[in-house]
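> What follows is each chain in one-letter form.
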Amino acid sequence: MAATNSEPLTIERWQRRHLLGLQDLQRDEIELILDHAAEFKKLQQSRVKLDHLRGVVVANLFFEPSTRTRTSFSLAAKRLGADTVDFTASGSSVSKGETFIDTALTIEAMGVDLVVIRHSSPGAPEMLSRHVKCGILNAGDGTHEHPTQGLLDAFTMREKLGSFEGKTVTLVGDIKHSRVARSNIWALTKLGAKVIVCGPATLIPPGVERLGVTVAHRFDDVLQESDAINLLRVQFERQRGAFFPSIAEYAHLFGMNGDRLRRAKPNVLILAPGPINRGVEITPDVADGPNSQILQQVSNGLFVRMACLHLLARRQQQLQEAR
Amino acid sequence: MAATNSEPLTIERWQRRHLLGLQDLQRDEIELILDHAAEFKKLQQSRVKLDHLRGVVVANLFFEPSTRTRTSFSLAAKRLGADTVDFTASGSSVSKGETFIDTALTIEAMGVDLVVIRHSSPGAPEMLSRHVKCGILNAGDGTHEHPTQGLLDAFTMREKLGSFEGKTVTLVGDIKHSRVARSNIWALTKLGAKVIVCGPATLIPPGVERLGVTVAHRFDDVLQESDAINLLRVQFERQRGAFFPSIAEYAHLFGMNGDRLRRAKPNVLILAPGPINRGVEITPDVADGPNSQILQQVSNGLFVRMACLHLLARRQQQLQEAR
Amino acid sequence: MAATNSEPLTIERWQRRHLLGLQDLQRDEIELILDHAAEFKKLQQSRVKLDHLRGVVVANLFFEPSTRTRTSFSLAAKRLGADTVDFTASGSSVSKGETFIDTALTIEAMGVDLVVIRHSSPGAPEMLSRHVKCGILNAGDGTHEHPTQGLLDAFTMREKLGSFEGKTVTLVGDIKHSRVARSNIWALTKLGAKVIVCGPATLIPPGVERLGVTVAHRFDDVLQESDAINLLRVQFERQRGAFFPSIAEYAHLFGMNGDRLRRAKPNVLILAPGPINRGVEITPDVADGPNSQILQQVSNGLFVRMACLHLLARRQQQLQEAR
Chain A
1 MAATNSEPLT IERWQRRHLL GLQDLQRDEI ELILDHAAEF KKLQQSRVKL DHLRGVVVAN
61 LFFEPSTRTR TSFSLAAKRL GADTVDFTAS GSSVSKGETF IDTALTIEAM GVDLVVIRHS
121 SPGAPEMLSR HVKCGILNAG DGTHEHPTQG LLDAFTMREK LGSFEGKTVT LVGDIKHSRV
181 ARSNIWALTK LGAKVIVCGP ATLIPPGVER LGVTVAHRFD DVLQESDAIN LLRVQFERQR
241 GAFFPSIAEY AHLFGMNGDR LRRAKPNVLI LAPGPINRGV EITPDVADGP NSQILQQVSN
301 GLFVRMACLH LLARRQQQLQ EAR
Chain B
1 MAATNSEPLT IERWQRRHLL GLQDLQRDEI ELILDHAAEF KKLQQSRVKL DHLRGVVVAN
61 LFFEPSTRTR TSFSLAAKRL GADTVDFTAS GSSVSKGETF IDTALTIEAM GVDLVVIRHS
121 SPGAPEMLSR HVKCGILNAG DGTHEHPTQG LLDAFTMREK LGSFEGKTVT LVGDIKHSRV
181 ARSNIWALTK LGAKVIVCGP ATLIPPGVER LGVTVAHRFD DVLQESDAIN LLRVQFERQR
241 GAFFPSIAEY AHLFGMNGDR LRRAKPNVLI LAPGPINRGV EITPDVADGP NSQILQQVSN
301 GLFVRMACLH LLARRQQQLQ EAR
Chain C
1 MAATNSEPLT IERWQRRHLL GLQDLQRDEI ELILDHAAEF KKLQQSRVKL DHLRGVVVAN
61 LFFEPSTRTR TSFSLAAKRL GADTVDFTAS GSSVSKGETF IDTALTIEAM GVDLVVIRHS
121 SPGAPEMLSR HVKCGILNAG DGTHEHPTQG LLDAFTMREK LGSFEGKTVT LVGDIKHSRV
181 ARSNIWALTK LGAKVIVCGP ATLIPPGVER LGVTVAHRFD DVLQESDAIN LLRVQFERQR
241 GAFFPSIAEY AHLFGMNGDR LRRAKPNVLI LAPGPINRGV EITPDVADGP NSQILQQVSN
301 GLFVRMACLH LLARRQQQLQ EAR
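Protein chains in written order, with UniProt numbering: chain A, 1 to 323; chain B, 1 to 323; chain C, 1 to 323.
Don't read these hints as lab results, they were simulated from the structure. Fair warning: there could be bad hints in the mix.
Pairs count within a copy or across copies, as identical chains cannot be separated in the list.
[To be verified] In the PhoX-like style, the derived pairs of lysine-lysine whose C-alpha atoms are separated by at most 20 Å in a straight line are:
| # | residue 1 | residue 2 |
| --- | --- | --- |
| 1 | Lys41 | Lys133 |
| 2 | Lys78 | Lys49 |
| 3 | Lys190 | Lys265 |
| 4 | Lys49 | Lys160 |
| 5 | Lys160 | Lys78 |
| 6 | Lys167 | Lys78 |
| 7 | Lys167 | Lys42 |
| 8 | Lys49 | Lys167 |
| 9 | Lys42 | Lys190 |
| 10 | Lys160 | Lys41 |
| 11 | Lys78 | Lys265 |
| 12 | Lys49 | Lys190 |
| 13 | Lys194 | Lys42 |
| 14 | Lys167 | Lys41 |
| 15 | Lys41 | Lys78 |
| 16 | Lys133 | Lys194 |
Assemble the whole structure, with the sequences as input and the hints as a guide.
Structure, rendered in structure tokens:
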């Protein structure tokens, strides 16, 4: 779906209707999003109210609870002048027995242009995209992808590292169940980074090497070569099986702490998709220290989502005019 | 309350403060709303942001769960530039023992101009209208009325049928407990349609003929003469008694399916106030087929609500200036 | 933190970043807020949409349920053109184990300028203010303060009384657990009123006289000298112990009713922070009668909150430009 000739991709030439996952995107598409986000970051410093999405309606359709992602998308839309509506699964038509697709078609019929969807089922956004004409942005679908998280992590690293050429990024934790890991892997490998995934054997999906990543089971083995470390969340609320013996052992083997930081590269970037469990994936001194990118990730998330919303809204407008 | 002289009703001459039910409205008032909605439909095709309600505050006061009606009203208000606030019964002052009227007076005191209310008690919006100065829009009150649903159903039929003269509309299902049926009956009979209500004897209110409708107990008896068929929702979440033996039997006797569609008029309009129960009131092939107006109803609902909000907001402004 | 030279305080010279409690404010700061609120009240009569907060983002962070305060803040922000986002404790990151401060830092990182916070712990807003750069407005923190309620009560009294010099205001009820009482005491004593606190001995905090108030245990003793009476809410949902024998006895001893009103000054102002318990703190005839200021309090609350939001937003802008 990406532009096929050799001209560089520009906002005007963006042709994708949906953002379902980073696996689908070409490198130039990812770079365009990051560049466009950087423009919004500059514009927002003057705190001027923008109107790129004036007249556009964005619906948040969250079937899983979320504060930060939903709020970030909602703010991104509002700051660009869009009208927004929120749907939550509870108290909605879904509880009256309506099907998922009927809910989406209904939302679309109300004149919604873009649907931001979070769902516990991998592939739900993609299924939706086949039934509606409005643009779909995946805000996390089960263990599949969380593309805007992958993009904001990449944005944050790129801003500090300059480029990914010759750089090593290590993802630590539960690689197997993490949509954040998956979206990070797609983005970072396409952008040219060396990606290491590191976690207990039970939490590394077999065959992950085929995605172009290196596997490590001991954090300390890969600590020193890492330019950026992304500490995945231990999802206590999802964890059903017993993939590691205890929290204390996890923190000991895979947690980021002051001792490990001292042994890492001096300017190593420490990322973590929040909400963080202080003392588990990361100790407070590191989370609040100078290497931590945690709050920058949140800030950048706004700009990345502004960029994604704007690109898809422009594409919607083109398609609507063509109809 | 309607204009009493012989000049035609116009937006400027609209005098009603509230929209409580279609029983109260004159034919010319209903037609004005539908005409005004048609204007908004035309305007929205260009997706320009309108500002008819700039400076107006609309409060959604929903004491029953609802996604589609609440969202439709909320979007209608936002697309006209209003400020909106949402109230829900849970977590509100109501749970601190405040009376219903005190809640409404409080909302009004905050500078709200229009209150959209859904409540399980028939007459709750009317009671409210006697205590507040702001405009009240009934978004469904128990088994009484759901006027904007009646209006959007009438709008959708009129758009396709051109006029109701000589046309037959059949309402199928639980006539007795349906506020949608009631509002449809008032609108359609006033607009000149022949209205048939069709359902099991247990679900037809005794004496309904006095409203000017024809009663049928067998769907197949009235199928062929119908120009439009409105399939009421089987409200599993409300149904307390056992008004029909089984879902399968209901679907067999009163459900719309491919076989019945083949025996109906070729251009028969199939309507259903969502959310639909696929396979109960309507089979998927009919719901998704060319005769189905289900998604058009949703789209038109937005325009009808824009029209109602605009007419009542204008009236509020006149009254506020006169004070 | 207030201006220290002798020039009169103006909007331009306002220097406070947060509104944590009225204990902190100087008399001229309180008066500036009330004067600024009066300006907004005048402006709102023309129902023009204002844009004082265009480009500003206001987050509502409510850890306790609240309809009226949250809605009032939200409307105040929207009517000044701000973008608003709502956070509630349930379904948020808080339920994923995130700390309170991390939640606030995250909200700030999203580009939020002002945080309106309600929390059950006294001091939570103050703690927040030490960790974030954005402005904090306390919307009620446990039994500590509820500054905008104190300000709107003072605004309502001042508007009718003209000045507090030589005037007596009586606060009736549970002084001990009431943040409203505390904020009223700070505001009214600073503005020059004589303040009487009146309630059963169990509900008067020992040593409250040090705040410059007079204590009474019998309502009838102080009824006749009061120019304004503020009837605190009996908070059935908070009351854990048994501080008074029965509701009937409370109403008899401390409730405002027609008999007491006849014995009071003819123009006595009757205030009550809603939601009211009709028949407990106040009988319906008084609540709905000509002395009652209850709905004026709600209306004025909007203007007071507009004033506070505007002053803090201006200050934020100054600080952001200085960075």
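> Hint by hint, say whether it matches the structure.
Taking the hints in turn, this is what the structure says about them:
1. Taking the closest pair of Cα atoms, Lys41 and Lys133 come within 20 Å of each other only across two copies (19 Å); inside a single copy the shortest separation is 30 Å, beyond that limit.
2. For the homomeric pair Lys78 and Lys49, the shortest alpha-carbon distances inside one copy (9 Å) and between copies (14 Å) are both at most 20 Å.
3. Taking CA atoms no more than 20 Å apart as the test, Lys190 paired with Lys265 passes in neither setting, with 24 Å inside one copy and 57 Å between copies.
4. Taking identical chains as interchangeable, the C-alpha atoms of Lys49 and Lys160 are never at most 20 Å apart, the minima being 27 Å within one chain and 39 Å between chains.
5. Neither within a single protomer nor between protomers do Lys160 and Lys78 lie at most 20 Å apart by alpha-carbon distance, with minima of 28 Å and 37 Å respectively.
6. For the homomeric pair Lys167 and Lys78, neither the shortest alpha-carbon distance inside one copy (36 Å) nor that between copies (46 Å) is at most 20 Å.
7. In this assembly of identical chains, Lys167 and Lys42 lie within 20 Å of each other by CA distance neither inside one copy nor across copies; the values are 26 Å within and 55 Å between.
8. Taking the shortest alpha-carbon separations for Lys49 and Lys167, neither the intra-copy value of 37 Å nor the inter-copy value of 46 Å comes in at or below 20 Å.
9. When the C-alpha separation of Lys42 and Lys190 is checked against a cutoff of 20 Å, the pair qualifies neither within a copy, at 25 Å, nor between copies, at 45 Å.
10. Taking the closest pair of Cα atoms, Lys160 and Lys41 come within 20 Å of each other only inside a single copy of the chain (14 Å); across copies the shortest separation is 49 Å, beyond that limit.
11. Proximity of Lys78 to Lys265 under the C-alpha cut-off of 20 Å is found in neither arrangement, the shortest distances being 39 Å within a copy and 47 Å between copies.
12. Within a single copy, Lys49 and Lys190 get their C-alpha atoms no closer than 34 Å, and across copies no closer than 39 Å, so neither meets the 20 Å cut-off.
13. For the identical chains of this complex, Lys194 and Lys42 are neighbours neither inside a copy (29 Å) nor across copies (54 Å), given an alpha-carbon limit of 20 Å.
14. In the homo-oligomer, the alpha carbons of Lys167 and Lys41 never lie at most 20 Å apart, since the shortest distance is 24 Å inside one protomer and 54 Å across protomers.
15. Within a single copy, Lys41 and Lys78 get their C-alpha atoms as close as 15 Å, which meets the 20 Å cut-off; across copies the closest is 24 Å, which misses it.
16. In this assembly of identical chains, Lys133 and Lys194 lie within 20 Å of each other by CA distance neither inside one copy nor across copies; the values are 37 Å within and 37 Å between.
Violated hints, in rising order: 3, 4, 5, 6, 7, 8, 9, 11, 12, 13, 14, 16; the structure is consistent with all others.
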